[in-house]
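I would like the entire structure built from these sequences, with the hints used as guidance.
There are 6 protein chains.
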Amino acid sequence: MSLNPDQRAILAGVTVATITTVLLKKGIRNTFLRGPMPFAEGQPRLVGEAFTLRFVPVREDLATPQSWSSPVSTRHAIEAMPHGVVAVADAMGVADAAIFGDLLVARMKARGVAGLVTDGTMRDAAGVAEVDFPIWCAGIAAPPSIAGLTFVGWQEPIACGGVAIFPGDVIVADGDGAAVIPAALVGHVIEVSPEQERLEGWLMEEVKRGAALPGLYPPDAETKARYDAWKAGKG
Amino acid sequence: MSLNPDQRAILAGVTVATITTVLLKKGIRNTFLRGPMPFAEGQPRLVGEAFTLRFVPVREDLATPQSWSSPVSTRHAIEAMPHGVVAVADAMGVADAAIFGDLLVARMKARGVAGLVTDGTMRDAAGVAEVDFPIWCAGIAAPPSIAGLTFVGWQEPIACGGVAIFPGDVIVADGDGAAVIPAALVGHVIEVSPEQERLEGWLMEEVKRGAALPGLYPPDAETKARYDAWKAGKG
Amino acid sequence: MSLNPDQRAILAGVTVATITTVLLKKGIRNTFLRGPMPFAEGQPRLVGEAFTLRFVPVREDLATPQSWSSPVSTRHAIEAMPHGVVAVADAMGVADAAIFGDLLVARMKARGVAGLVTDGTMRDAAGVAEVDFPIWCAGIAAPPSIAGLTFVGWQEPIACGGVAIFPGDVIVADGDGAAVIPAALVGHVIEVSPEQERLEGWLMEEVKRGAALPGLYPPDAETKARYDAWKAGKG
Amino acid sequence: MSLNPDQRAILAGVTVATITTVLLKKGIRNTFLRGPMPFAEGQPRLVGEAFTLRFVPVREDLATPQSWSSPVSTRHAIEAMPHGVVAVADAMGVADAAIFGDLLVARMKARGVAGLVTDGTMRDAAGVAEVDFPIWCAGIAAPPSIAGLTFVGWQEPIACGGVAIFPGDVIVADGDGAAVIPAALVGHVIEVSPEQERLEGWLMEEVKRGAALPGLYPPDAETKARYDAWKAGKG
Amino acid sequence: MSLNPDQRAILAGVTVATITTVLLKKGIRNTFLRGPMPFAEGQPRLVGEAFTLRFVPVREDLATPQSWSSPVSTRHAIEAMPHGVVAVADAMGVADAAIFGDLLVARMKARGVAGLVTDGTMRDAAGVAEVDFPIWCAGIAAPPSIAGLTFVGWQEPIACGGVAIFPGDVIVADGDGAAVIPAALVGHVIEVSPEQERLEGWLMEEVKRGAALPGLYPPDAETKARYDAWKAGKG
Amino acid sequence: MSLNPDQRAILAGVTVATITTVLLKKGIRNTFLRGPMPFAEGQPRLVGEAFTLRFVPVREDLATPQSWSSPVSTRHAIEAMPHGVVAVADAMGVADAAIFGDLLVARMKARGVAGLVTDGTMRDAAGVAEVDFPIWCAGIAAPPSIAGLTFVGWQEPIACGGVAIFPGDVIVADGDGAAVIPAALVGHVIEVSPEQERLEGWLMEEVKRGAALPGLYPPDAETKARYDAWKAGKG
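Protein chains in written order, with our numbering: chain A, 32 to 266; chain B, 32 to 266; chain C, 32 to 266; chain D, 32 to 266; chain E, 32 to 266; chain F, 32 to 266.
Be aware that one or more of the hints could be misleading.
A pair holds if it fits inside one copy or across any two, identical chains being indistinguishable in the list.
To be verified - With a straight-line Cα cutoff of 16 Å, these simulated EDC-like cross-link-like pairs (lysine to aspartate or glutamate) come out:
id, residue 1, residue 2
1, 255, 231
2, 262, 228
3, 262, 231
4, 56, 226
5, 262, 236
6, 56, 91
By construction, these hints were calculated from the structure, which means they are not laboratory data. Note that the coordinates shown come from a computational prediction; the quantities given were computed from them, not determined experimentally.
Below, the structure written as structure tokens:
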């Protein structure tokens, strides 16, 4: 789905922790990508539609330096990325061959891609850091992708970090990692998450004041009444 | 590629061990599927063109009993399988949800599919055994596929057991497990493998006669001469 | 919960595959124990209430031969097992120390325990085989439990093979492995499973007759009507 | 056991490295928790009696948002923690569901808990960092505990990071990670560790002066004599 | 060490389970090799001095078909094996390249090697089965060793299945797997194991008669007295 | 091989990413050590001949504090290290026992060792940081080596992080991790790598100017011509 600026702004104000909780309450438990964590400290929260990339394992006749010039290559995939998407790469968790280095990351940034999320790794870590592009990845490795991976296409359904991602799903990422919001549930998440964030902010103040947890979190009827009164008083 | 009966017959007389050695000598080292082993003892050697199936991880909004009736379902994939192919399913090595049970396996057999190879698992093991269909899989598990997997399509490039497989590659399997022959190398494998098998048969006789290994295996010039003489004598 | 003989008989006629499907349709996806598989070929289906055993990792000051004489020992736990229960042992998947050997298994059999399920391993495999007791385990290892485990108690909530099991849950096991039926859902499973088994039996006959899968499995309205007619005709 | 202030002070001056060495010399090799590492840089050394928490895997009928209000919940467990203890949580190494976020950590801090050690993960990492509470954990993940875990109780024997921990054992943690001191060995550790630290400090000066390792570390008779002379000179 | 026929005979009458228990009581807990299990059903118990083989990972410039003719090759290692030894191969647990096939196994048999133990895999499984040679391995794989391994030498200290093995240690293997007896402890194991086996045989009879476990196993004073009386009666 | 100062200087100006690519183009894919990453931020690039160290798993009769005084000990190995080498330790990836602490690291520094690379872990992390010695390791753990490892020798072929390393190979390490250059290929790497670095530097400028990737990277004929012109213009 295509997010409008208001939707982006709301999601940018919600933590991934809250989003996974909201989705779990709808019965969707498997939304958190295992592996991708922030490449650099202090990266801004990432929100955008998923643009998927797919790798399969290395096969020495196909995963060659020549393959980088093929029409089915990461190079062409990057040129196909629209402005504002989040590139999500299924590297099958391969930890000893990197999907991208500084050159490709720099080109993604130049094209206005919002960020990159992968269960694989990055190379040229020093160069990538200089590019200053938001990346959630599963580590760093020196070898090029073709040492372990064969690129096979983009905008297909993928697995990433043990989670299914379809083109059009929405990806969010922050210091807790990355999660997918299924396209059909984006509206619901946008509707209920901000209130959940507000409640948790108030609860933290209560805890700081010395409140005990039972009855407070989750709130029982009495707590809810106090919270509603606080909200009314603020309104 | 489409194998003709002669090609099938030759490949059916060659072990997977020999095929992986022949491919390694051409620089193709990653051809052996990690995980799939014979479901039943004494299964005949399996040879055929790969017909690929692809799963991604479970997502509870999509991996539902209703999805089994979808046009993108394993049911429709099976109906699309031509006679004589080897179905190869990328289950990402998921060990706690089974891709198929006895009903689907029985239908594959009815359609003339040559066999099934997967890095996933089978359920209804007793029922599957009764169907008597050649299967190489990575184990047995009771839960249905949708407990851990979402089916997304067929005849796409896949990963299976850490190996890349493309529609049109050839799959071979025996008691040592399963391997892929890249389409472009099938001719080469067919050309050199039978001679390799003959040589190894002769070498085993030499070992049984008490020959020491150095100089014998791999054969040095003197051994090669003796072998050639033996071949000439047989010819 | 305590199963009556009728309930036992019904569950003994249902496959673990069917039970996990029935529970999944109720939203309970995590019921299949990863690891435990039949110790011996041809073991009868196992059904019974869970009697839990719990181990933590080895600590050399506690996991000693002397500990086997302690009141908190596997020996006393076995003497506390009622007739007909299924002993379920949380060994944390430890593969290099065995929880039980032939002597303890023989005593469980003598006490009328229905069977043993564990994510750990057995030792004295030859002796255990002679005892002829139904066991689902994750392998075989020679060292005694105290080489890797410390026994801490029984009839507590446990993890076994990645699944939560509470005293009073029901355990079922067959050739596909073992699963838990949460106590509160045993009635539901007993109610709907036999019909599911009957339907699948009829579907297999249809497949053998050459029926294609779409519309058949899962059955569409037309298939359901034919099945209902068949049932009526049998009635 | 209950540590008195003198005991706490001594243990706070000893590294976890030294403690594991001292325990190994008593035959206790399995004391280091695999997984827990400092959540924040520069956390002070942690010392305290273990207060254990125990999780088992998720079961969707039990691990619900409603369970957070149950008497057997992490909320009630936290309210039961005495001042000065180290909370130690057995999360079975689950990496994709977090046991605690900022609210619960803030409450532990308010209650005077000394710190938290777990083989599981934390969520709301930014919020947790603001609370400024000493935590040793195995990573960060966004989903709530009930995405993967069911809480079952406190002050029971547990496994944490492959180590057995009993209520009353003492936990120590520093930049090298966390270890358990079995209750019965706390006195011994307190007795011999400070001398070991003093010796190692002197040895480091020797190495800096250019001493070779053989004969120095471990010290032979000549080295011991020199060390004793140094100690006497300092006395 | 070199076993004399009497020592061999005694060890051949003791289970690996008993041997690991005897060694554990001497403080040696890490003696059981993780991975190696019987290649064929019904293999006789294996006893012999360790003859070690060592592999490191593949390096494509060294692990070539040409390397098989090198003086540092498995071929030359086999020719160096004395009669009666147990070949123990450190394959680092590599599961997707096989250390040996039928030809090399046949030559080991011809040389009077007692058996083979490895944490790696075998290829040409059908051919190996025909050779009828006692093998404990960690599975089967089709590719040759050089697909994943480089052979570097023999009769060096090795790791095998997570256990240290030195030339001269003794290896024992049965249906429970394989273990090492450190050379210095072989005498002790031979001294105490047969009595332990006799005791366990008597205990099994007691269990069959309906004896409860506490007090019986391990035996308390009363049980020991009864056992001693039984032994005296037999004597 | 022994690097001369010019060779060292050239290699010190090349990234590990580039080196692994250059080796891959020669068919050597397995050169990147899985596990070792920089111990401290901002460590200078490391280059030097490999001096290997080898551990096998713990055996309690051998891995004792007394073993630290043995002639076959890490202490003696360190005293055998020539100036300028890179110590490379095969710890079999053991994560819960550390190979070295601050004392041994300080001695390596005093001896002029260039750095340490290991797939194992370090202890006394705070003390090691103070020594300020370049280390690539797989983590931190408190227990001493003998909690999990037995040291068996130096300057033998080893496995480290899944890669084969022979005495005389060259080790390079930077922020992307560590790799081996086989001795026979050091000349080739030195010959072609600097040009590759120069090309990539130019390519990055092109990307920053907005160039699209296809045709640029890898460069097609037109791009090569522009690059050659640029080089000529610089010359």
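Structure-based check of all given hints:
For the homomeric pair residue 255 and residue 231, the shortest alpha-carbon distance inside one copy (12 Å) is at most 16 Å, but the shortest distance between copies (50 Å) is not. Taking identical chains as interchangeable, the C-alpha atoms of residue 262 and residue 228 lie at most 16 Å apart only when both belong to the same chain, with a minimum of 13 Å there against 55 Å between chains. With identical chains, the CA atoms of residue 262 and residue 231 are at most 16 Å apart within one copy only, with a shortest distance of 13 Å there and 56 Å across copies. In this assembly of identical chains, residue 56 and residue 226 lie within 16 Å of each other by CA distance solely inside one copy; the values are 15 Å within and 31 Å between copies.
For the homomeric pair residue 262 and residue 236, the shortest alpha-carbon distance inside one copy (13 Å) is at most 16 Å, but the shortest distance between copies (54 Å) is not. Taking the closest pair of Cα atoms, residue 56 and residue 91 come within 16 Å of each other only across two copies (11 Å); inside a single copy the shortest separation is 45 Å, beyond that limit.
In terms of the numbered hints stated before, the structure departs from none.
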